[in-house]
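Just so we're aligned: 468 in the numbering used here is position 429 of the sequence shown, and the numbers increase by one with no gaps anywhere.
Rather than coming from a laboratory, the hints here were simulated on the basis of the structure. Incorrect hints may appear among the rest.
[What the hints assert, rightly or not] List time: in silico DMTMM-like cross-link candidates among lysine to aspartate or glutamate, alpha-carbon distance up to 20 Å: (1) Lys390 - Glu176; (2) Lys514 - Asp501; (3) Lys367 - Asp419; (4) Lys351 - Asp187; (5) Lys201 - Asp120; (6) Lys390 - Asp373; (7) Lys445 - Glu371; (8) Lys445 - Asp187; (9) Lys201 - Glu176; (10) Lys390 - Glu429; (11) Lys378 - Asp344; (12) Lys390 - Glu323; (13) Lys445 - Glu496; (14) Lys437 - Glu176; (15) Lys333 - Glu299; (16) Lys367 - Glu176; (17) Lys201 - Glu299; (18) Lys445 - Glu429; (19) Lys213 - Asp253; (20) Lys378 - Asp209; (21) Lys351 - Glu371; (22) Lys341 - Glu299; (23) Lys118 - Asp547; (24) Lys437 - Asp187; (25) Lys442 - Glu496; (26) Lys213 - Glu294; (27) Lys445 - Asp419; (28) Lys105 - Asp419; (29) Lys367 - Asp396; (30) Lys437 - Asp419; (31) Lys351 - Asp547; (32) Lys201 - Glu326; (33) Lys341 - Glu294; (34) Lys514 - Asp532; (35) Lys367 - Glu185; (36) Lys367 - Glu403; (37) Lys213 - Asp376; (38) Lys445 - Glu427.
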Amino acid sequence: MRNKPLLVSIALALLVASGWGLYALGERHGARQMPSSPSGTAKASAPTAVATAPKTADAASDDGRKVLYYHDPMAPNQKFDKPGKSPFMNMPLVPVYAERGAGGKEAGGVTINARAQQNLGIRTAEVVTGTLAPGIEAVGSVAWNERDVAVVSARANGYVEKLFVRAPLDPVTKGQALAALYVPDWIAAQEEYLAVRRMNAADSSHSNMASLVDGARQRMRLAGMSDAQIARVEARGSVEPRITMVAPIAGVVGELNVREGTAVTIGMPLARINGLSTVWINAELPEALAARLKTGSRVEAKSPDGTIVTGKVGAVLPEVNAQTRTLKVRIEVDNADRKLLPGMFATLHFKPAARDDMLLIPTEAIIATGTRTIVMLAEDGGRFTPVEIEPGIESGGKSEIRKGLKAGQRVVLSGQFLLDSEASLKGVEARQGESPETSAGPAAQQPPLYQGTGKVESIGKDQITLSHGPIPALKWNAMTMGFRAPTRGVPKDLAVGASVDFEIQAMDDGQYQLVTILPRRASSNGAKP
């Protein structure tokens with residue numbers, strides 16, 4: 040009997056505790072049953088829960104980034120302005136933030152963590168300052184050096200008495216006899232000189248004889264005789280009516296204009312001698328490449344037999360070929376061993392002067408779209424941003440960057456196309472100012488159609504609710520949701536409970552609209568399900 044008050048106290052405590060537990064369980068059950076209604080027309084058949092943090096789309100994350108909207112990663116086209124669970128997959132909605140670039144300004148790009156970068160095989164390289172001396176390859180034809188030419192002309196009227204060379208391209212050496220000319224005009228001048236000289240020797244006391252000798256010698260010069268020929272006449276004391284024409288330089292006979300017995304006049308060209316100690320190689324280069332060459336630039340020439348000789352750019356001729364839009368470049372090459380002959384082809388390797396202040400990146404980092412050229416810039420925190428650049432010359436896997444980058448920045452070498460497409464999916468203007476209409480063309484302006492089958496649950500004025508099966512193209516599971524009615528109207532024979540084939544299309548606001556909806560009996564006649 041003494042323990043009875045104690046037992047009553049214990050019973051009352053148990054009763055109060057069980058009551059409080061039932062109350063808390065009811066509160067949690069009520070919260071679980073409270074429906075969530077994110078913005079949009081989609082309604083899931085399964086109940087959803089309200090998110091515990093009542094944020095809005097304008098809320099900010101812990102690092103200060105602005106939340107643009109919420110979405111289901113499995114259905115990214117559907118946007119919600121509040122957090123919660125997805126009506127499609129019963130998963131928490133994921134916030135989409137406004138990315139920030141340098142200086143805190145909102146900018147386009149994509150952020151990838153280190154593990155994902157490793158899985159994607161992303162490699163980067165630093166923008167460096169260096170020297171790039173790209174070689175220019177061309178093929179040229181060997182020609183005579185027109186500055187190494189000697190023309191042999193007749194010094195007086197006469198006749199070709201004998202030729203010592205017979206045909207063009209005969210090789211000659213310096214001082215070699217070319218032709219012997221008989222000059223009748225010289226005979227009278229020489230006989231006069233010899234007669235006056237003999238008279239001077241016989242009567243040296245006569246003061247006028249010395250001046251007569253000088254006058255006779257001058258008449259021989261006027262007749263075309265050289266001092267050497269006059270000296271021979273004086274030494275021999277006899278008339279020399281013939282003159283032998285010799286080659287002033289070594290080379291080959293480029294032209295032979297006379298034959299034996301040909302009458303010649305003063306100044307008439309007898310032969311032309313082309314030297315072979317140096318030759319020209321003429322090449323035609325596009326305007327852009329020729330502009331990079333300067334007079335004196337080094338050139339290597341490779342002959343057909345593999346011989347390599349060095350030369351220099353003699354001139355870039357100031358004339359553009361109207362048909363080929365090329366400039367002719369003249370290269371002067373040493374040819375002392377005569378390995379290069381006119382008419383040969385030679386492979387040329389130009390070495391323009393190099394600059395040492397170029398910004399250089401690997402060529403593989405560049406993405407050329409046809410209208411713009413970009414690279415993916417790697418920033419701190421795993422962020423990648425597309426940057427438009429102006430590339431320059433390229434050589435050996437390196438490209439010059441004239442505009443868009445700075446030394447010390449890093450660019451993506453592999454995986455940049457994947458990053459560019461990912462940034463584009465997030466609404467980034469990866470082409471920097473290029474509108475989707477101009478970059479993608481008319482075909483990209485129409486969103487794709489998605490097909491499915493289902494059952495009509497309800498028909499409203501502007502909305503039709505369907506219980507549809509999975510739609511793999513959208514990664515949707517089977518669910519019940521509402522769609523905007525077709526613009527062409529609802530078929531008259533469509534009724535609640537009917538099995539239908541339908542096509543839907545994403546709208547600009549993220550919702551989906553029925554394009555076609557037909558009872559399933561109509562699809563059996565050929566309509567594509």
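These are the hints, each one checked on the structure:
| no. | hint | in the structure |
| --- | --- | --- |
| 1 | Lys390 - Glu176 | holds (9 Å) |
| 2 | Lys514 - Asp501 | violated (25 Å) |
| 3 | Lys367 - Asp419 | violated (50 Å) |
| 4 | Lys351 - Asp187 | holds (16 Å) |
| 5 | Lys201 - Asp120 | violated (110 Å) |
| 6 | Lys390 - Asp373 | holds (17 Å) |
| 7 | Lys445 - Glu371 | violated (41 Å) |
| 8 | Lys445 - Asp187 | violated (51 Å) |
| 9 | Lys201 - Glu176 | violated (49 Å) |
| 10 | Lys390 - Glu429 | violated (24 Å) |
| 11 | Lys378 - Asp344 | holds (9 Å) |
| 12 | Lys390 - Glu323 | holds (16 Å) |
| 13 | Lys445 - Glu496 | violated (61 Å) |
| 14 | Lys437 - Glu176 | holds (17 Å) |
| 15 | Lys333 - Glu299 | violated (49 Å) |
| 16 | Lys367 - Glu176 | holds (14 Å) |
| 17 | Lys201 - Glu299 | holds (5 Å) |
| 18 | Lys445 - Glu429 | holds (12 Å) |
| 19 | Lys213 - Asp253 | violated (33 Å) |
| 20 | Lys378 - Asp209 | holds (17 Å) |
| 21 | Lys351 - Glu371 | holds (6 Å) |
| 22 | Lys341 - Glu299 | violated (42 Å) |
| 23 | Lys118 - Asp547 | holds (11 Å) |
| 24 | Lys437 - Asp187 | violated (42 Å) |
| 25 | Lys442 - Glu496 | violated (60 Å) |
| 26 | Lys213 - Glu294 | holds (16 Å) |
| 27 | Lys445 - Asp419 | holds (15 Å) |
| 28 | Lys105 - Asp419 | holds (19 Å) |
| 29 | Lys367 - Asp396 | violated (29 Å) |
| 30 | Lys437 - Asp419 | violated (24 Å) |
| 31 | Lys351 - Asp547 | violated (64 Å) |
| 32 | Lys201 - Glu326 | violated (52 Å) |
| 33 | Lys341 - Glu294 | violated (29 Å) |
| 34 | Lys514 - Asp532 | violated (30 Å) |
| 35 | Lys367 - Glu185 | holds (16 Å) |
| 36 | Lys367 - Glu403 | violated (33 Å) |
| 37 | Lys213 - Asp376 | holds (16 Å) |
| 38 | Lys445 - Glu427 | holds (12 Å) |
Taken one by one, the earlier hints fail for this structure at numbers 2, 3, 5, 7, 8, 9, 10, 13, 15, 19, 22, 24, 25, 29, 30, 31, 32, 33, 34, 36, listed in ascending order.
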